[in-house]
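> Sequence:
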Amino acid sequence: MMPEQPSSLRMPSFFHGTRSTVHQKARKEGARCGEQYLKDGSFPPPRQMLEVPPGEVVLVHEVTDFQHERPAWRLYMVSDVMGGLYEALDWQNVFPVRDAYEAFCRESAWGALYFVVSPTGPVSAQRTALRLQAMLRFWDPLQSARYLFKTLDAVLTLEELIKASCDWAMDAWCPASDASTHMRVEMAANRMARATREDSIEAILRQMPRALTFARGLKHRDVVADPAFQRQRLTTLDPVSFEHVSGASTADLLEKLYEWDKQLQTQ
Numbered sequence: 036m037m038p039e040q041p042s043s044l045r046m047p048s049f050f051h052g053t054r055s056t057v058h059q060k061a062r063k064e065g066a067r068c069g070e071q072y073l074k075d076g077s078f079p080p081p082r083q084m085l086e087v088p089p090g091e092v093v094l095v096h097e098v099t100d101f102q103h104e105r106p107a108w109r110l111y112m113v114s115d116v117m118g119g120l121y122e123a124l125d126w127q128n129v130f131p132v133r134d135a136y137e138a139f140c141r142e143s144a145w146g147a148l149y150f151v152v153s154p155t156g157p158v159s160a161q162r163t164a165l166r167l168q169a170m171l172r173f174w175d176p177l178q179s180a181r182y183l184f185k186t187l188d189a190v191l192t193l194e195e196l197i198k199a200s201c202d203w204a205m206d207a208w209c210p211a212s213d214a215s216t217h218m219r220v221e222m223a224a225n226r227m228a229r230a231t232r233e234d235s236i237e238a239i240l241r242q243m244p245r246a247l248t249f250a251r252g253l254k255h256r257d258v259v260a261d262p263a264f265q266r267q268r269l270t271t272l273d274p275v276s277f278e279h280v281s282g283a284s285t286a287d288l289l290e291k292l293y294e295w296d297k298q299l300q301t302q
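The sequence shown: position 164 = 199 (this note's numbering), numbered continuously.
Treat the hints with care, since some could be wrong.
[Claimed, not checked] The calculated DSS-like cross-link candidates involving lysine-lysine, where the alpha carbons are at most 25 Å apart (straight line), are:
| no. | residue 1 | residue 2 |
| --- | --- | --- |
| 1 | K74 | K63 |
| 2 | K297 | K254 |
| 3 | K185 | K198 |
No wet-lab data here; the hints were simulated from the structure.
Build the full structure now, drawing on both the sequences and the hints.
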């Protein structure tokens, strides 16, 4: 049986303060994590957890952090913890350490939300499913806070934050649904978790028109925009390359469009 969850979001104390203070505390926490990881391959729990008062704002993206001297909850600075961790390990075996730290963080509400809103590394279908499912487990306490994402002064509810950050996942994996955001994310995550390669291709093809709206300077736009061309290229990708785009993340698909366009220029 899972332990009963608190009704409010709780976060490590090192994420609260001025920007410079949080930066210092986060890097120190990363060094502490690195020290334990070198000993036994695990990570220590935060020394102090604090309750985020209901309705208080959490900064989840650096672009909205323009008042550096104002004490605030700065969740986006998980990246500083990871930087301190990598530095403590002398930047050795970064990718396995990144994966292990993410798995550790997904067991907490704050960590699960960070890796959904600010995904790092290839956003494969399997990885995205794990992130979304972890976040959904903490839906109730996460609802107690409010969030600043990419738009100044636009304070968001959890549902609004997930719509703003994960609309690509819902559109690709749970299209044309009038269900609630929670239900759409849950259905999308479940479909990603059991997706075959063909399932991923269909999700990618649904998302390609969206990715194309962000593409600039393509020399062969008509070719790379053709679904038949896209399907042919996707079916020839090796397993590792396909996994990289299998989640149908807009950013990953945009990268692939530019790659195909460049290949056409050399043919």
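> Taking the hints in turn, state whether each one holds.
Verification of the hints:
1. K74 with K63: Between K74 and K63 the Cα gap is close to 17 Å, so the pair holds against 25 Å.
2. K297 with K254: holds, 8 Å
3. K185 with K198: It holds: about 12 Å lies between the C-alpha atoms, which stays within 25 Å.
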